[in-house]
Amino acid sequence: MYVAVKGGERAIENAHRLLAHERRGDRDVPELSLAQIAEQLSLGVDRVMTEGSLYDRELAALAIKQARGDLIEAIFLVRAFRATLPRFGATEPVNTGEMQVRRRISSTFKDIPGGQILGPTFDYTHRLLDPQLADGFVPERPATSEATQQATPRVTDILGRDGLIEPSPEADADAPVGDLTREPLSFPADRDLRLQNLARADEGFLLALGYSSQRGYGRNHPFAGEIRFGDVEVEFYAEDAGFAVPLGSIALTECQMVNQFKGSATEAPCFTRGYGLAFGQSERKTMSMALVDRSLRARELGEEVIAPAQDEEFVMSHSDNVQATGFVEHLKLPHYVDFQSELGLLRKLRQEFAEANEAPDMQEAAE
Amino acid sequence: MNAPAYNFAYLDEQTKRMIRRAILKAIAIPGYQVPFASREMPMPYGWGTGGVQVTAAILGPQDVLKVIDQGSDDTTNAISIRKFFGKTAGVATTTSTTDATVIQTRHRIPEAPLHAGQVLVYQVPIPEPLRFLEPRETETRRMHALAEYGLMHVKLYEDIARFGHIATSYAYPVKVNARYVMDPSPTPKFDNPKMDNCPALQLFGAGREKRIYAIPPHTDVVSLDFEDHPFTRYRFNAPCALCGAGDSYLDEIVTDDKGGRMFVCSDTDYCESRRLAGHRGSESAAPHKERAHG
Numbered sequence: 001m002y003v004a005v006k007g008g009e010r011a012i013e014n015a016h017r018l019l020a021h022e023r024r025g026d027r028d029v030p031e032l033s034l035a036q037i038a039e040q041l042s043l044g045v046d047r048v049m050t051e052g053s054l055y056d057r058e059l060a061a062l063a064i065k066q067a068r069g070d071l072i073e074a075i076f077l078v079r080a081f082r083a084t085l086p087r088f089g090a091t092e093p094v095n096t097g098e099m100q101v102r103r104r105i106s107s108t109f110k111d112i113p114g115g116q117i118l119g120p121t122f123d124y125t126h127r128l129l130d131p132q133l134a135d136g137f138v139p140e141r142p143a144t145s146e147a148t149q150q151a152t153p154r155v156t157d158i159l160g161r162d163g164l165i166e167p168s169p170e171a172d173a174d175a176p177v178g179d180l181t182r183e184p185l186s187f188p189a190d191r192d193l194r195l196q197n198l199a200r201a202d203e204g205f206l207l208a209l210g211y212s213s214q215r216g217y218g219r220n221h222p223f224a225g226e227i228r229f230g231d232v233e234v235e236f237y238a239e240d241a242g243f244a245v246p247l248g249s250i251a252l253t254e255c256q257m258v259n260q261f262k263g264s265a266t267e268a269p270c271f272t273r274g275y276g277l278a279f280g281q282s283e284r285k286t287m288s289m290a291l292v293d294r295s296l297r298a299r300e301l302g303e304e305v306i307a308p309a310q311d312e313e314f315v316m317s318h319s320d321n322v323q324a325t326g327f328v329e330h331l332k333l334p335h336y337v338d339f340q341s342e343l344g345l346l347r348k349l350r351q352e353f354a355e356a357n358e359a360p361d362m363q364e365a366a367e
Numbered sequence: 001m002n003a004p005a006y007n008f009a010y011l012d013e014q015t016k017r018m019i020r021r022a023i024l025k026a027i028a029i030p031g032y033q034v035p036f037a038s039r040e041m042p043m044p045y046g047w048g049t050g051g052v053q054v055t056a057a058i059l060g061p062q063d064v065l066k067v068i069d070q071g072s073d074d075t076t077n078a079i080s081i082r083k084f085f086g087k088t089a090g091v092a093t094t095t096s097t098t099d100a101t102v103i104q105t106r107h108r109i110p111e112a113p114l115h116a117g118q119v120l121v122y123q124v125p126i127p128e129p130l131r132f133l134e135p136r137e138t139e140t141r142r143m144h145a146l147a148e149y150g151l152m153h154v155k156l157y158e159d160i161a162r163f164g165h166i167a168t169s170y171a172y173p174v175k176v177n178a179r180y181v182m183d184p185s186p187t188p189k190f191d192n193p194k195m196d197n198c199p200a201l202q203l204f205g206a207g208r209e210k211r212i213y214a215i216p217p218h219t220d221v222v223s224l225d226f227e228d229h230p231f232t233r234y235r236f237n238a239p240c241a242l243c244g245a246g247d248s249y250l251d252e253i254v255t256d257d258k259g260g261r262m263f264v265c266s267d268t269d270y271c272e273s274r275r276l277a278g279h280r281g282s283e284s285a286a287p288h289k290e291r292a293h294g
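Top to bottom, those sequences are chains A and B.
Per this note's numbering, residue 1 is the first one in the first sequence, and the count goes up by one each step.
Per this note's numbering, residue 1 is the first one in the second sequence, and the count goes up by one each step.
Possibly wrong hints are sitting among the right ones.
As the list claims (entries may be wrong) - No more than 27 Å apart at the CA atoms, straight line, and that leaves these computed lysine-lysine pairs for BS3-like:
id : chain 1 : residue 1 : chain 2 : residue 2
1  : B       : Lys194    : A       : Lys348
2  : B       : Lys194    : B       : Lys175
3  : B       : Lys258    : A       : Lys348
4  : B       : Lys25     : B       : Lys175
5  : B       : Lys83     : A       : Lys332
6  : B       : Lys83     : A       : Lys65
7  : B       : Lys83     : B       : Lys16
8  : B       : Lys87     : A       : Lys65
9  : B       : Lys155    : B       : Lys175
10 : A       : Lys332    : A       : Lys65
11 : B       : Lys87     : B       : Lys16
12 : A       : Lys262    : A       : Lys110
13 : A       : Lys332    : B       : Lys258
14 : B       : Lys25     : B       : Lys194
15 : B       : Lys155    : A       : Lys348
16 : A       : Lys332    : B       : Lys87
17 : B       : Lys194    : B       : Lys258
As the list claims (entries may be wrong) - Covered stretches of chain B, as calculated for chain A (at least 3 residues, CB under 8 Å):
id : region
18 : 33–47
19 : 129–138
I should point out that these hints are in silico values taken from the structure, not numbers from a laboratory.
Ideal placement from N, C-alpha and C gives every residue a C-beta, glycine not left out.
With the rest of the complex left out, here is chain A:
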């Protein structure tokens, strides 16, 4: 006798137990601490904070541990927690021009006020696996010197003084800040919402789109005007106090792309901008974001929309890896009843096909 499938509840519980066991791995190997993850897998933590839209190193480290190193799963954990947090308001815009710079480079000028600061970077390392790192390697202390008192103005501000680049749009301090996690997105979307979407977007997706624009699918001639990474102060305007209260500082990476110029009979030609911003040190992400931001400005700048990277509905609807992974992976869920329905239709069509093809054969045989 057939017994209907049962026991899902116990199966789930046992699967979760097994998952916890696998997560721990060999119990003779010491367990990872959150501090180890936050300190030694810091770029992974930065990515989880950026795409998770929550600046909290400890929670991001916990999410990475819980997700067994699967960063998209970790981003999902952080997002689900973030969704339950109450909102007090929006902070004052951060001033990246006053960033405590840890790294800052420009590919458009050989020297710039405040200098090029290489900082901690994989650039120019030879990608040779280093067996020394396998166990107990103690690196040299970094070289230090007196910090310069020189200001480090943004390269785009330097270009802007001569009108060579379009001005950055001035934010209206009193206008409400768009937030696609609080208001459903509709198209066409303004740049603030596009940038929010891109900041939360999957790094790999943006990388591929940015790359496609470089390969001719909506080319926009980018130069890395400046990439800077460092710490900025965050301030919150307190209604009661009547002034902005410092909340602390966060690490940010900012990328300002300088792109092909626009101009017309009535407007002097000038460079255009693409913008990228992310938590922590996230250079690939911010550069890709800046390329795609510029691509998505096609409509605004009167360019023909011909490539995927320029198509705002295409980009914004598919950039979120938590949404994407959920929907792709939901194919694992049972689809018995729909499949049964399709099966029924297919059998009927095949039967009709067979009947239609049988008839002439029989006629032939009779002849």
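Chain B: place on chain A using the hints.
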């Protein structure tokens, strides 16, 4: 560390109010897709986050919740969602269609008729019935606004021209209240007639796509068709092997690798209630009581 603390039915009250406003608008405009600021839920997109948010927003402490997936209370995702609300809302849960006040479903409408006062919450993956004809939201919203549904009829006609039938067997489009074409979610078209003039409130939640829509009680819901190709239900022509039901939608169970098949009710509550009432199918060990009655 910021240790999390959660509200009744997980969502904060502000979010619930936002969702309830969307639900009220959806009820006021039957079949119209209302955008809402869907939240990230602790289960993946595509696994019922829209339905879960709708349920969380309407659930009260007195409610009795039933969750089904593919018609069954025992599939893993149904269990997972039922446990989620058991844990976060502490509401009573049931597998009985008649006893439930709120039923969250994926891909089926229960066989037992729904009654007034009940709410059926559908999990919806792609709320837009025109999506596979026109991928752009900006376009499809315009088409709905103008009730411009010619493209859908052309698609159905092309099916007939190519296959001799309308080749849509699930997520079969319907027209609600003689105005909006609506996707009933991927339920088999067998279930479509149950939506028409239903005494229960039907709510549809699409989390990833951030849309909520509704069919208020006793609303006309018509499956799209043509005069010479009227809508037909599909059901495998056999009684349920367990309870002998001849009117229920059936799951096909592959029993061996030699072509062995059996067909049983997809709605497990319906099947179990019938067996409790003494009905038997060909694969049930107990005597076939109903046969005695001829």
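The hints, checked one at a time:
Taken as a hint, the Lys194/B and Lys348/A pair is honoured in the structure, with Cα atoms around 24 Å apart against an allowance of 27 Å. This hinted pair checks out: Lys194/B and Lys175/B have alpha carbons roughly 14 Å apart, not beyond 27 Å. Of the supplied pair hints, the one linking Lys258/B and Lys348/A holds, its CA atoms being roughly 21 Å apart against a limit of 27 Å. Under the criterion of a C-alpha separation no larger than 27 Å, the hint pairing Lys25/B with Lys175/B is consistent with the structure, at around 18 Å.
A threshold of 27 Å between alpha carbons decides the hint, and for Lys83/B with Lys332/A the separation of about 20 Å falls inside it, so the pair holds. The hinted pair formed by Lys83/B and Lys65/A meets the criterion: a straight-line CA distance of about 25 Å does not exceed 27 Å. For the hint linking Lys83/B to Lys16/B, the alpha-carbon distance of about 20 Å falls within 27 Å, and the restraint holds. The straight-line distance between the Cα atoms of Lys87/B and Lys65/A is roughly 24 Å, inside the 27 Å bound, and the hint therefore holds.
Note on Lys155/B and Lys175/B: the hinted pairing holds, with a Cα-Cα distance of about 15 Å set against a maximum of 27 Å. A hinted pair counts as satisfied when its Cα atoms are at most 27 Å apart, and Lys332/A with Lys65/A qualifies at roughly 24 Å. At most 27 Å may separate the alpha-carbon atoms for a hinted pair to count; Lys87/B and Lys16/B meet this at roughly 18 Å. For the suggested pair Lys262/A and Lys110/A, the alpha carbons sit about 25 Å apart, so the restraint of at most 27 Å is met.
With a CA separation close to 26 Å, the supplied pair Lys332/A and Lys258/B stays within the 27 Å bound. The hinted pair formed by Lys25/B and Lys194/B meets the criterion: a straight-line CA distance of about 23 Å does not exceed 27 Å. Annotation: proposed proximity of Lys155/B to Lys348/A holds, straight-line Cα distance about 20 Å (limit 27 Å). With a CA separation close to 25 Å, the supplied pair Lys332/A and Lys87/B stays within the 27 Å bound.
Under the criterion of a C-alpha separation no larger than 27 Å, the hint pairing Lys194/B with Lys258/B is inconsistent with the structure, at around 36 Å. Given as covered by chain A, the region 33–47 of chain B passes the check, having 12 residues with a CB less than 8 Å from a CB of that chain where 3 are the minimum. As drawn, the region 129–138 of chain B meets chain A at 3 residues by the rule of a beta-carbon pair under 8 Å; at three or more, the given contact holds.
Of the numbered hints stated above, the single one contradicted by the structure is hint 17.
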